[in-house]
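Q: One line per chain: the protein sequences are R and X, in this order. The numbering of the first sequence is the working numbering, which starts it at 6 and goes up by one. The numbering of the second sequence is the working numbering, which starts it at 8 and goes up by one.
Hints are computed from structural coordinates only; laboratory data are not their basis. Among the clues, some could well be false.
What the hints assert, rightly or not - To give a feel for the contact side, a few chain R residues facing chain X, derived at Cβ under 10 angstroms: (1) W266; (2) Q291; (3) R293; (4) S433; (5) R436; (6) E713; (7) A727; (8) E748; (9) Y750; (10) T753; (11) E754; (12) W755; (13) G756; (14) K899; (15) R904; (16) P905.
To be verified - Restraint-style ranges between C-beta atoms, simulated for each label pair: (17) R81(X) with E754(R): 46 to 56 angstroms; (18) E839(R) with A71(X): 33 to 43 angstroms; (19) R53(X) with H552(R): 51 to 61 angstroms; (20) K90(X) with E843(R): 47 to 57 angstroms; (21) G283(R) with K90(X): 44 to 54 angstroms; (22) R53(X) with Q987(R): 40 to 50 angstroms; (23) L280(R) with K90(X): 49 to 59 angstroms; (24) A794(R) with A25(X): 44 to 54 angstroms; (25) V941(R) with K57(X): 37 to 47 angstroms; (26) N638(R) with A18(X): 41 to 51 angstroms; (27) A71(X) with A235(R): 54 to 64 angstroms; (28) E545(R) with K57(X): 40 to 50 angstroms; (29) E545(R) with A18(X): 51 to 61 angstroms.
Claimed, not checked - Where chain R lies over chain X, by a calculated footprint (3+ residues, C-beta under 8 angstroms): (30) 8-22; (31) 37-43; (32) 60-73; (33) 82-92.
Owing to the predicted nature of the structure, the values given are computational and were not obtained by experimental measurement. Each residue gets a CB set at the ideal place from its N, CA and C atoms; glycine is no exception.
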Amino acid sequence: MSKQFRIKGTGRVDPSRPINFTFDGKSYTGHQGDTLASALLANGVHLVGRSFKYHRPRGILGIGADEPNALVGIRRDAARYTPNLLATQVELYEGLNAVSQNRNPSLEHDRMEVNDKWLSRFIPAGFYYKTFMWPKSAWDKWYEPRIREAAGLGVAPSQPDPDVYTQRYAHCDVLVIGAGPAGLAAAKEAAATGARVILADDRPVMGGSLLAAADTNISGEGEDWYSAGAWRKEVLAFLEKQPNVTLLPRTIAFGYYPHNWIGLCEKLTDHLAVLARGAPRERLWQVRAAQVVIATGAIERPLVFPENDRPGIMLADAARTYLQEYGVAVGQKVAVVTAHDSGYRAAHELKAVGVDIAVIADIRGRSVVSDRAVQAGLNVLTEAKIEGTSGKLRVSSITMTAAGMRSNFACDAVLMAGGFTPSVHLFSQSRGKLVWDNKLQAYLPGDSAEAERSAGASRGRFALAEALADGVDAGREAAQAAGFTPGTPAFHPQVTVKHAIGSGGYLGAAPTSADLSKAKAFVDWQNDVTAKDIVLATREGFLSIEHVKRYTTTGMATDQGKLSNINALGIVSEATGRSIPQIGLTTFRTPYTPITFGTLAGHARGMLFDPARVTAINDWAVAQGAAFEDVGNWKRAHYFPKHGEDLHAAVNRECLGVRKSVGIFDASTLGKIEIVGPDAAEFMNRFFVNAWTKLGVGKCRYGVLLREDGFVTDDGVVGRVAKDRFHVTTTTGGAARVLGMMEDYLQTEWGDLKVWLTSTTEQWSVIAVQGPKAREVIAPLIEDLDVSAEAFPHMSIGDGKICGVPLRLMRVSFTGELGFEVNVPSGYGRMVWEAIWERGKAFDMVPYGTETMHVLRAEKGYIIVGQETDGTVTPDDAGLGWAIGKAKPDFVGKRSLQRPALTAPDRKQLVGLISSDGRTVLEEGAQIVDPAAPKVPIGHVTSSYYSAVLGKPIALALVRGGRQRLGESLYVPMPDSVIGVQVAPTVFFDPEGARVNV
Amino acid sequence: MLIINCPYCGARPELEFAYGGQAHIDRPVQPADLNDEDWTGYLYLRENTKGIHAERWRHLHGCARFFNALRDTRTDHFLATYKVGEKAPEVTRP
Chain R
6 MSKQFRIKGT
16 GRVDPSRPIN
26 FTFDGKSYTG
36 HQGDTLASAL
46 LANGVHLVGR
56 SFKYHRPRGI
66 LGIGADEPNA
76 LVGIRRDAAR
86 YTPNLLATQV
96 ELYEGLNAVS
106 QNRNPSLEHD
116 RMEVNDKWLS
126 RFIPAGFYYK
136 TFMWPKSAWD
146 KWYEPRIREA
156 AGLGVAPSQP
166 DPDVYTQRYA
176 HCDVLVIGAG
186 PAGLAAAKEA
196 AATGARVILA
206 DDRPVMGGSL
216 LAAADTNISG
226 EGEDWYSAGA
236 WRKEVLAFLE
246 KQPNVTLLPR
256 TIAFGYYPHN
266 WIGLCEKLTD
276 HLAVLARGAP
286 RERLWQVRAA
296 QVVIATGAIE
306 RPLVFPENDR
316 PGIMLADAAR
326 TYLQEYGVAV
336 GQKVAVVTAH
346 DSGYRAAHEL
356 KAVGVDIAVI
366 ADIRGRSVVS
376 DRAVQAGLNV
386 LTEAKIEGTS
396 GKLRVSSITM
406 TAAGMRSNFA
416 CDAVLMAGGF
426 TPSVHLFSQS
436 RGKLVWDNKL
446 QAYLPGDSAE
456 AERSAGASRG
466 RFALAEALAD
476 GVDAGREAAQ
486 AAGFTPGTPA
496 FHPQVTVKHA
506 IGSGGYLGAA
516 PTSADLSKAK
526 AFVDWQNDVT
536 AKDIVLATRE
546 GFLSIEHVKR
556 YTTTGMATDQ
566 GKLSNINALG
576 IVSEATGRSI
586 PQIGLTTFRT
596 PYTPITFGTL
606 AGHARGMLFD
616 PARVTAINDW
626 AVAQGAAFED
636 VGNWKRAHYF
646 PKHGEDLHAA
656 VNRECLGVRK
666 SVGIFDASTL
676 GKIEIVGPDA
686 AEFMNRFFVN
696 AWTKLGVGKC
706 RYGVLLREDG
716 FVTDDGVVGR
726 VAKDRFHVTT
736 TTGGAARVLG
746 MMEDYLQTEW
756 GDLKVWLTST
766 TEQWSVIAVQ
776 GPKAREVIAP
786 LIEDLDVSAE
796 AFPHMSIGDG
806 KICGVPLRLM
816 RVSFTGELGF
826 EVNVPSGYGR
836 MVWEAIWERG
846 KAFDMVPYGT
856 ETMHVLRAEK
866 GYIIVGQETD
876 GTVTPDDAGL
886 GWAIGKAKPD
896 FVGKRSLQRP
906 ALTAPDRKQL
916 VGLISSDGRT
926 VLEEGAQIVD
936 PAAPKVPIGH
946 VTSSYYSAVL
956 GKPIALALVR
966 GGRQRLGESL
976 YVPMPDSVIG
986 VQVAPTVFFD
996 PEGARVNV
Chain X
8 MLIINCPYCG
18 ARPELEFAYG
28 GQAHIDRPVQ
38 PADLNDEDWT
48 GYLYLRENTK
58 GIHAERWRHL
68 HGCARFFNAL
78 RDTRTDHFLA
88 TYKVGEKAPE
98 VTRP
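Assemble the whole structure, with the sequences as input and the hints as a guide.
A: Set out below in structure tokens:
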């Protein structure tokens, strides 16, 4: 069967290299150089899909990135399945396995076809908003799953992507996007000046429309003339030889970002039958170009007439290109419906290879072009109205009216020539301004926002000679703007063609006698939007094109309206009586064509997705079987389960172990900043709320940090290790933020201070040893520092040695027990930890994790910034008013604390809560109500745990006027019950602090 | 991604920088002297410019220094960058 559609001696495919492939399980043969679409057409296959909403049979419509119908899935193996690829872009390889989508069970028999025959009048534009309103509960369970099943694209792959994706950064002087005539000419001119040029084109072979140019000759700089194909080869051969030129075929420029930053996706292996192991599948190029030449060509426009979507109905120049590039005739008897001279060119070229042209129906009047076609023996109707088509799985006839006569023409293909729309997507993405050109009936690039220029058909220069000249000029100008000097003078090649592309075009619904409110005249093939839908939307009051788009979904499919947007504009213009510039244009968004997540992710997968920060002690905790939690990028030991304990059992045991004897905790993730300089104390005074001047060397103080608006942003213990040196600790999550804030004030406000700031977070390992036996455990390991109760009381800091290595010891407690934080250079962290662990065994020392740390501090009422505070909590709210250095004239946030809202008496204050039933652990975040006024919550639970040492649940909460409510009964309403609570002081355990001072 | 010209290090990609809000807002020397309204203005009120905006940037993953920049918010083009303490240079839209 394939023989009759393949025209010998035409096109660039290689008939001596047959390629076997399957489509929906059926075997076919194509040639080396084919796309899946051209190979299917060569086998007489037009039916390739079912439409999105109505499940109408659909055929191949176009030839490139604008194809709306021919979406297929390609399966290489169990893990390598890619849905929604365009058959027009899939290169054929031996064994290619393609399947159609959105049909059940087969393309020929699709059960959902009822949507078209019986349901279509119930699913007009906006039916989602109108039909499924009641009952509300049916949406999730009934409507949505069924709509999703019926209206679908391909199926997502079910296994992780086994392929490798890579990335590359590049700089160049001139980036040329598109290697058609204008792009090739521009690249050649720019390269000749010595500029670094990158030329990218989405197709495997460069040349664009030159590849399909028949009977076309181009003049060289001497007396010589070249065929279009020879000229293309000549230019490419020149470019390949230039060391300053990078040619990127199979590379789509998908996004234009600020400062001439262009995203390119290079496809490396999708066209290969056999994949080399580990070879990257795609490469993301991030190109920073001094100048850009956009030579992206134009997109052919379909015509909107009744039943214009049957398989076999396609774009005219696409059909011509299938012939000239692939040697494929799209039918044996072809009707041409045209509003542009290019329709005649297609007819002439198809006729020349023996295809029967049933009729050329021109919706325009008689012209030189139509007369010439008549002279050539073609049957031409002018001022034609297109009434409809017939044929179930393939078009079989078309009906039209001309000169008062209605006639029906049998055919197996219909070609539509509606004109050409310049591809201004990238220009628009660059934030350039589009201008409506009345003569061309097209939006063209206007003022630039970036260093770019468009050339060729992408700015309406459609004729080959114009496009070449435009490309030459653009290449020279771009190189010059990038600082290079073009040779003089510019040479614009001359062109001779047998059939010129000509002019013309049409926007909107083509003339017809059919009732468009009943007929299905498709505007957007991929989303099944008809002219009727768009008219309906305007009638229902949607006037902005952005609203029409969302209501009808026209232009919202994966092709982003490449074919449909301009016709939709034409229909809205007609229906509302406003001009197209008045209606406006929807936004062109990146990416130009869909690209894979793999391309964007590159190597940033798995462990490389986000770096994990680990402490020197991490591996020890892993070996002990600790459960971990993520705190920012840090991996922290959450708890250390023993013998199959769950979280609660482990935490209860760890808590009791610390309170009874001693525990060991990895606190290395705490932020640490060393503040040094003659003005260190003054800096501290201005920055933190506390007073620092009188803090003696060797002493620690709990520091509180506010933002300028008066709310607590961080806290931590600060030790003064010398008169001019402070060791500041921050929260784990706040380390970078606090250092950044310090730098901000120091660099931009307090230039008078001589202070240096250094992050030392990762330089110190911090081993917290907490519990009544803490001193007994560590003292024998320490030299050069007296850690006795008298010499080293609570809140001391001092340097010495432990296990023979440098030690900075802090006597601090976040547990309420006698406690030390052993700081050693992190390279020694693991060694010192294990030494302490060995000694601790005699004392039943427990390793504990962050959960136990949280419980122990909550028993003591110590806050955690970010848990008890939420950016609206003042020091007084949190019960930290005592920390403020009241005598200081100023510190960050001080003035704000005097604002009326921050001194109001009924602010939320931190209190303790005890569950009245003595056993219910409250939920963190739960709301709290006062039984006297139960309608408005008066606060929320910030922390809540079971306290093993107290044998009951405890909670901290922020409650309006809380400190005045001690002893009051409040309620915590939960979905299944209401829990009674009593307001209590925040310190639940050892309120006198006797256990710390031993 | 924007290209930003650090006055200390030269042109670098945006990834290396952190945005720091509107420039040329000095912290009052004696905050206590300000009434509530003026203090609120210092805390919260900022321009929402369409056009040339003076703003702070920090070359966080470079020299770590703060500097000021003039950026056209319509195009994201930087018209000038300058050091802390310097006056904003006169610029016109390109």
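Q: Are the hints correct? Go through all of them and say.
A: Now the hints, each set against the structure:
1. W266: holds (5 angstroms)
2. Q291: holds (8 angstroms)
3. R293: holds (7 angstroms)
4. S433: For S433(R), the interface hint is violated, since the closest Cβ of chain X sits about 14 angstroms away, which is over 10 angstroms.
5. R436: Cβ of R436(R) sits 7 angstroms from chain X, so the hint holds.
6. E713: holds (6 angstroms)
7. A727: violated (24 angstroms)
8. E748: holds (7 angstroms)
9. Y750: With a closest approach of 8 angstroms, the Y750(R) hint holds.
10. T753: holds (5 angstroms)
11. E754: Holds: closest Cβ of chain X sits about 5 angstroms from E754(R), inside 10 angstroms.
12. W755: Because about 9 angstroms separates W755(R) from the closest Cβ in chain X, which is inside the 10 angstroms limit, the hint holds.
13. G756: holds (7 angstroms)
14. K899: Given a least distance of 7 angstroms, the restraint on K899(R) holds.
15. R904: Check passed: Cβ of R904(R) comes within 6 angstroms of chain X, closer than 10 angstroms.
16. P905: holds (7 angstroms)
17. R81(X) with E754(R): 46 to 56 angstroms: Violated, at about 31 angstroms.
18. E839(R) with A71(X): 33 to 43 angstroms: Since the Cβ atoms of E839(R) and A71(X) sit about 36 angstroms apart, the hinted range of 33 to 43 angstroms holds.
19. R53(X) with H552(R): 51 to 61 angstroms: Violated, at about 33 angstroms.
20. K90(X) with E843(R): 47 to 57 angstroms: holds (55 angstroms)
21. G283(R) with K90(X): 44 to 54 angstroms: holds (48 angstroms)
22. R53(X) with Q987(R): 40 to 50 angstroms: Distance hint for R53(X), Q987(R) holds at roughly 45 angstroms.
23. L280(R) with K90(X): 49 to 59 angstroms: holds (54 angstroms)
24. A794(R) with A25(X): 44 to 54 angstroms: holds (46 angstroms)
25. V941(R) with K57(X): 37 to 47 angstroms: holds (41 angstroms)
26. N638(R) with A18(X): 41 to 51 angstroms: Violated, at about 29 angstroms.
27. A71(X) with A235(R): 54 to 64 angstroms: holds (59 angstroms)
28. E545(R) with K57(X): 40 to 50 angstroms: violated (34 angstroms)
29. E545(R) with A18(X): 51 to 61 angstroms: holds (52 angstroms)
30. 8-22: Contact hint for the region 8-22 of chain X vs chain R: holds, 3 residues under 8 angstroms.
31. 37-43: holds (count 5)
32. 60-73: With 6 residues closer than 8 angstroms to chain R, the region 60-73 of chain X meets the three-residue bar; holds.
33. 82-92: holds (count 5)
When held up to the earlier numbered hints, the structure conflicts with 4, 7, 17, 19, 26 and 28 and fits the remainder.
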